[in-house]
Each structure stands twice: as structure tokens, then as C-alpha cells.
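K.L.:
Spelled out, the chains give:
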Amino acid sequence: MSDLTATAPGRAAPRMAGRVKAAIILFILFALMPPLASALDDPFYVLIGTRILAYAIAALALDLILGYGAMVSFGHAAYLGFGSYAVAILSSYGINDLGLQLLFGITLSAVFALITGAISLRTQGVYFIMITLAFGQMAFFFFISLSAYGGDDGYGLSERSTLMGIDILQSDFGLYYVTLALLIAMFVLCHRIVMSRFGRVLTGIRENPTRMEAIGYSPFRYQLTAFIISGCITSVAGVLLANQAQFVSPAFMSWHRSGELIVMVVLGGVGTLTGPIGGAVAALLLEEWLGALSEHWRLWFGIFLVLMVLFSPRGITGVLERMGIVRTRQ
Amino acid sequence: MMNLFVLQLLNGVQLGVLLFLIAAGLTLVFGIMDVINLAHGVLYMVGAYLIATFAAATGNFWWGLLLMLPAAVLVGMVLEFVVMRRLYARSHLDQVLATFGLVMIASEAVKMIWGTSPLSVPMPEILSGAVPLMGPLKYPVYRIAVIVAGLAVAVGLFVLVNYTRVGMLLRAGATNRSTVSALGVDINRLFSVVFTLGAVLACLAGALVAPILSVDTGMGESVLILTFVVVVIGGIGSIKGAFLGALLVAIVDTVGGVFGPIWLRQILDPAAAGQVGRVLGPMLVYILMAVILFAKPAGLFGRRA
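Respectively, the protein sequence lines represent chains P and Y. So the first sequence is numbered by our numbering: it starts at 1 and just counts up by one. So the second sequence is numbered by our numbering: it starts at 1001 and just counts up by one.
By construction, these hints were calculated from the structure, which means they are not laboratory data. Do not take every clue at face value.
[Said to hold, decoys possible] The list that follows gives simulated cross-link-like pairs (lysine to any residue, SDA-like), each with its CA atoms no further than 20 angstroms apart:
| no. | chain 1 | residue 1 | chain 2 | residue 2 |
| --- | --- | --- | --- | --- |
| 1 | Y | Lys1296 | P | Ile115 |
| 2 | Y | Lys1111 | Y | Lys1240 |
| 3 | Y | Lys1111 | P | His256 |
[Stated by the list, open to error] Chain P stretches covered by chain Y per the calculated footprint, using a threshold of three residues with CB under 8 angstroms from any CB of chain Y:
| no. | stretch |
| --- | --- |
| 4 | 131 to 141 |
| 5 | 270 to 281 |
[Unchecked claim] Derived DEER-like restraints, expressed as beta-carbon distance ranges:
| no. | chain 1 | residue 1 | chain 2 | residue 2 | range |
| --- | --- | --- | --- | --- | --- |
| 6 | P | Gly151 | Y | Ile1113 | 50 to 60 angstroms |
| 7 | P | Val111 | Y | Ala1272 | 21 to 31 angstroms |
| 8 | Y | Asn1176 | P | Lys21 | 15 to 25 angstroms |
| 9 | Y | Pro1136 | P | Glu287 | 51 to 61 angstroms |
Here a beta-carbon is modelled for each residue, glycine too, at the ideal position from N, C-alpha and C.
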């Protein structure tokens, strides 16, 4: 790390290219999934697929700050909530446009992330984890007591959003491909951010905040900006989840959900952007599979988690690395 | 009005004492080993289930309490030996994940062993009445007993930390772990002791509260987050901070929840006051946390930020 030129684009570019290639393969597979599902005559998979893609967006957003900024946010489910309640609130006023809903969700998230991030980022380590968890819980209780939108029981949406006046999202296929398009857009955005000067400063702060401060960067401002961006991207996932379920409830933002988002990121591989997308797929499929096997799937999922941390701390990427299939670090 | 205030204040103190029992272990584990343990709330739940089982088996609350303690020690030691021990040297992220896994395992295991329907623990005869407090106001003896027991444990902890050899090592470990280790103290054994002590205190809190709450699988979660708020407000590693933080959080939570809407009524019309109060009530402790952290990022008695 002492030699700054060693991490210059020249060396980093090929490393990144491998991950981008992996991401492109994943996106192609995602695009092929719905025709395959309808060939198998099981359109239900398309809805599960939409859910997985939406969570992939959230995991991607979390990886931006967790992987590149070393900020372990345990309150990210709150932004899923802001996104989904943005849909509910606007639709209760008769506004069903996806663009406006996204804008509203992102605005809510930006404000919340600005305030809570500014307080949380004054601390670090264990404090940061617990404070973000507490703020996430605060948002959770806020929506529980918001009786105008069903409170604890949640709020059903009569119809899905429209895209520029077209009701393309009414069909499950349409929703799936719009979600996929947004996932790809968000991946490109995150990738651009990570490769930009901003992303390099953020990574530098992760490695050594004191040194970055010494050469004239303010860690707080960079970290806060990244924190807000991450919250905003997560709310996009929330908007899509509300459309997928046609229902919003505070359960979207419980602290278990925040924990699951972290699981997805770590399962896929922290700080790889592509990994968390795979992590979301793996975690949710594992959930579905264990859920089908046993009503006590949480027990097995928990055991899986503990074993993963103890024996393969770098997730799927770590396993693939050891098998020599991918090379991501060093 | 005054009566209601005193009543809520006492309820607040009672909750505060319980929160302190849970937070004490958590703050020591954080402070000394820098380990985050999400499964601490689970221990509180396990304590309640243990006393429910033992009290039902023996037909007596006191026997239940007596049998619960060695069982709690065992639970703490097993947890430390099987999982926590392997997490000391790991990153916070790994600790979060592994203990999150433990939360899932424990709450599901409790459901499998004891079922999903809530259990109840009979209140001991001798503590089941109520005493007159002021005017027509009466207060349950059991809740007073919980306050007294909690304060007694707090005094015991205070003596342990400030006037014994183990306490000296604890304080030294919280200040500078590596120096204490270099001086020949087996820091890992010290941590095992601290973790087990914390586990027993959390179980004790669950056992004490069991007769006045229904024992169910969700009870650990709500308390866990409140305990985190307590630890953050008080300052990580500080027993004194945990005590004051617990009382502050609990009193704000109970008194604010009831009196918030009443006070709001003086500036808003009743309907709006009720609405705003219902929304703000549960958020109050988090707003309190935000304000305190804004002024003091390391908490009231924290050393490091």
C-alpha cells in the first residue's frame, strides 16, 4: 500500500475486467431465466426471480459502503422500507408512475441517510454497527406506528406502478425485465463509482484514514457521500419489492432483513460488486430450498452461517478462489 | 396525574434495572475483547425459558431460580467454547454474521423445544401482593423485588469491578488488552469468565422478568436493540455508563410513551397529539441516542470513539 502507483488503473483494470465478465455472464443467465421458466410451465419462478434481482440491487448497494468503505451498516433494511413506502404513499394519492416513485424513495432515503449517517460516521467499529442498527430500528418503529398505512399489518397495493404511462409492469415478465434493467444500471453506476477518483479515495480511507487525511482528504465527507449513495440505491430495490409483492409492511425493514443483506454481501464476497449479486441469488435460493425441506429452515440457515464464518470467511468467492476458478485479490 | 407519573417512573426504573443486567455483560465483552455479540438478547430469552421449565418441573419459583443459575453458567460456557472463542481475532463483520447465525439457531431451537405458544411462570406467593405507595396508589411487590434484586446485583458488580483482583484485570483489560496480556495474564481465560458472567446476568434478567411477562420467542429481540442503545449511550466498556444509560433509556421509554401525548396536547389539538405521540413514542429512545451521540460520540462515559 505504500506505493500509490501500484494500485493505479494499469494494474487494477484487468482485475476488474474479470469481475465485470462474471457479472455479464450472470446478467445473461438472468435474462434467459423467464423464457426457461415458462417453458417449464412454472411462471411462479419469475416472481421469485424478481425478488432475487431486487435484493441483488440492495446487496450491491450495501457492498459499495461495506466492501469499499468498510462501513458495516446494520440498518440498511430501512432504505428498503423507504423505497417500498414511497410506492404506497404515492399510490394512495393516485400517483403510480415508477419514475416518480423512485424519485420519492430516493429523496426520503437521501434525507434519512444524511441525518443518520452524519451522526453514525462520527464513530466507527462496534459503535457504528450498533448505531446504524438502532437507527434502522427507529425507522421500523416509525412505520409500525404509521396507522394511515396499515401500521403493523402493512398496506396492500391495488395495482403495480406504470412506466411513463405504460402498464408494462402489470405482467410478471415486464416487472422482471425492468428489475433486471435497473440491476444492470445500478451495477454500472456502482462500478463507475468504484473506479472513479471518488471510489479510489473511499478505498484509500478504508485502508488508512489517517494517511488519507494527511494528504488532504476529509474521510467524513467521502464516507457520508458513499453512505447516502448506498442508501438511495437500496431504496430502488425497495420500490421494486413493493411492486413484486404488491404489498408493503414494516416487516421489510426489520433488523433481520438488514442482517440478511449483510449475509448476501459476505456470502458473495465483500468488495467485489459482482459477488453480492451472486450472494443474493445464493442466499435467497438457499432460503427457498431450506424452507421447502423443513419448517425450521432458520435453524439450518443459522448453522450454515456460523459454519461459513468459521470455515470460509470470504464466502463463495473465497471457495472459488481456493478452487482456482476465480482470482480476485493479490 | 402525579400518581400516574410515579407509577410510570417506577415501571421505568424496573425496566432500567433489567436493561442494566443485560447491558453489563454486553458492555464488558465489547470493552475488553472488542467483540460484538448479537446473540446476547437470546440469552435473556433462554433465561426466561429455563426458569419456566424448572419452575414448572419443581412447582416452585425459587427452585426454578436456583436451578436456572447453573444452567445459565453452562449455556454461557458452551457458547463461549464452541463459537465466541473463535471470533476474538476476527473482524467485526465476521462477529456480526456468526452471532446473527446464533440468533437464528437459538430462536428456532427454542421454538422446536418449547413450541410457539407463550409460557407463563407463576409468581412466588410471598411476592404476589401489592403495597400502598401514596394515596390510593398501589404497586406490585414483585416489581419492587425486581428493582431491589437488580440494584443488589449492580452493587455486587460495582464491588467486583472496583475492589477485587478480577475486577482490576477487567478494568486493565478494557484499557489496554495487549499490555495486560504481555504482563502474563491469560486474557482468553479472563474473557471466558467475563462472557460467562455476562451470560448469567442476561439469563437472570430473563428469569426475573418471566413472572410479569409472557415468555415467548420474540422477547430477546426487542430487548437486544434497547440494550445496544444503552451500551452506546453509556459508552462501551463502562459499567457506570451502562447503569445510568439503562435507567435513562428505560425511563424515557416508559414515561415518554405515556406522557408524550399528554404533554403534546398542550400545544396540539387532542387528535393530532394522540397521533404524533403514537408515532414519536417508540422513536423517543433513538432520538435520545442521536442527541447524546451528536454531543458525545463515545457515549457518556466512553473512552474511545
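K.L.:
Next, verify each hint and record whether it holds.
P.N.:
Against the structure, the hints come out as follows:
1. Lys1296/Y - Ile115/P: Roughly 16 angstroms separates the two Cα atoms, so the pair holds.
2. Lys1111/Y - Lys1240/Y: Judged against 20 angstroms, a Cα distance of about 36 angstroms means the pair is violated.
3. Lys1111/Y - His256/P: The hint holds at about 17 angstroms.
4. 131 to 141: Since three or more residues must qualify, the claim that chain Y covers the stretch 131 to 141 of chain P holds, with 7 doing so at under 8 angstroms.
5. 270 to 281: Violated, because only 1 residues of the stretch 270 to 281 of chain P bring their Cβ atoms closer than 8 angstroms to Cβ atoms of chain Y.
6. Gly151/P - Ile1113/Y: 50 to 60 angstroms: violated (32 angstroms)
7. Val111/P - Ala1272/Y: 21 to 31 angstroms: Holds - the Cβ-Cβ distance for Val111/P and Ala1272/Y, about 23 angstroms, lies within 21 to 31 angstroms.
8. Asn1176/Y - Lys21/P: 15 to 25 angstroms: violated (48 angstroms)
9. Pro1136/Y - Glu287/P: 51 to 61 angstroms: holds (55 angstroms)
Against the hints set out earlier in the document, violations occur for numbers 2, 5, 6, 8.
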